[in-house]
Structure formats: C-alpha cells, structure tokens
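K.L.:
Counted the way the working numbering counts, the sequence shown spans residues -2 to 107.
Hints are computed from structural coordinates only; laboratory data are not their basis. Each hint should be verified, as a subset may be incorrect.
[As the list claims (entries may be wrong)] Pairs of lysine to aspartate or glutamate residues, derived as EDC-like cross-links and limited to a Cα-Cα distance of at most 20 Å, are as follows: (1) LYS13 x ASP91; (2) LYS107 x ASP8; (3) LYS107 x ASP74; (4) LYS57 x GLU46; (5) LYS13 x GLU26; (6) LYS107 x ASP69; (7) LYS13 x ASP94; (8) LYS13 x ASP66; (9) LYS13 x ASP69; (10) LYS107 x GLU26; (11) LYS57 x ASP69; (12) LYS107 x ASP91; (13) LYS107 x ASP6.
[Claimed, not checked] So the derived label-pair ranges between C-beta atoms look like this: (14) ALA48 x PRO90: 28 to 36 Å; (15) ARG54 x ASP6: 15 to 23 Å; (16) ALA55 x ALA21: 15 to 23 Å; (17) PRO90 x LEU32: 18 to 26 Å; (18) ALA10 x ASP49: 26 to 34 Å; (19) ASP74 x ASN17: 16 to 24 Å; (20) GLY14 x GLY60: 29 to 37 Å; (21) SER53 x ASP6: 27 to 35 Å; (22) ARG54 x LYS13: 20 to 28 Å; (23) PRO85 x GLY14: 32 to 40 Å; (24) VAL31 x THR67: 17 to 25 Å; (25) LYS13 x TYR86: 14 to 22 Å.
For glycine and all other residues, C-beta sits at the position ideal for the given N, C-alpha and C.
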Amino acid sequence: MATATARADGDPARGKGLFNACAACHSLEPGVHVLGPSLYGVFNRQAGELADYRYSRALKRSGIIWTADTLDAFIADSQQFVPANRMPYAGMPDATDRADLIAYLQQILK
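Full structure from sequences and hints, please.
P.N.:
Dropping the structure here:
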C-alpha cells in the first residue's frame, strides 16, 4: 500500500530528470529500441511481448503485465524480480525516486 501511495504522489517533473539515466538504454518512441526496448506503450503490456525486440527467455516466460506496481518492483531490483533477465541495472532502491519516475512515465506515456 505504501508504494501505491508514493506513486500517486510522485513528482513527474523530478521523474523526468531521473529518466535521463534510463534514456541511455530505453526510448519513449514507438519502435525505437536502444540497448533495451522502447517503453512506449509499456503500461498494461505483457513483458517480452514486442516482436521486434530480443528479450531474455526469463522475461518472456515471466508472465508479467507491466503496471505501476510491477514496474516499481522491477526498477527496485530487476534481478530479484525476474532472475536471469538481461537488464544490466543495479536497481533504484529509493521508493520516492521510483514513484517520481513512474509518475513521469505515466504522464508521458498516456
């Protein structure tokens, strides 16, 4: 419940700044993949679903539907949430940072 409240109160302007670190690997444009897949349309999409991006078997088999809650858990520690996925990311341990980032993504990816 605390993470849901934090996300509801997330600061999208601050989240935009936090996304700069993500932008090294992810775009917000449809079909534009960098090292990682485009995040365009990520909310309510099944993990590993884009046909034009090569996902890890672990992510494709995870059955995850990307919501604010699942993104929060994945961004916190992607290897714990989906062991053996290929995302080389140490995680974002601060819940406020994650809330702000997710608020930005929800705002920009409407």
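K.L.:
Each of the hints needs a verdict: does it hold here or not?
P.N.:
Hints and how they fare:
no.	hint	in the structure
1	LYS13 x ASP91	16 Å, holds
2	LYS107 x ASP8	16 Å, holds
3	LYS107 x ASP74	25 Å, violated
4	LYS57 x GLU46	7 Å, holds
5	LYS13 x GLU26	15 Å, holds
6	LYS107 x ASP69	18 Å, holds
7	LYS13 x ASP94	11 Å, holds
8	LYS13 x ASP66	19 Å, holds
9	LYS13 x ASP69	16 Å, holds
10	LYS107 x GLU26	13 Å, holds
11	LYS57 x ASP69	18 Å, holds
12	LYS107 x ASP91	24 Å, violated
13	LYS107 x ASP6	17 Å, holds
14	ALA48 x PRO90: 28 to 36 Å	33 Å, holds
15	ARG54 x ASP6: 15 to 23 Å	36 Å, violated
16	ALA55 x ALA21: 15 to 23 Å	22 Å, holds
17	PRO90 x LEU32: 18 to 26 Å	22 Å, holds
18	ALA10 x ASP49: 26 to 34 Å	32 Å, holds
19	ASP74 x ASN17: 16 to 24 Å	21 Å, holds
20	GLY14 x GLY60: 29 to 37 Å	32 Å, holds
21	SER53 x ASP6: 27 to 35 Å	33 Å, holds
22	ARG54 x LYS13: 20 to 28 Å	33 Å, violated
23	PRO85 x GLY14: 32 to 40 Å	22 Å, violated
24	VAL31 x THR67: 17 to 25 Å	21 Å, holds
25	LYS13 x TYR86: 14 to 22 Å	19 Å, holds
Figure legend: structure checked against the earlier numbered hints; hints not met, in rising order: 3, 12, 15, 22 and 23.
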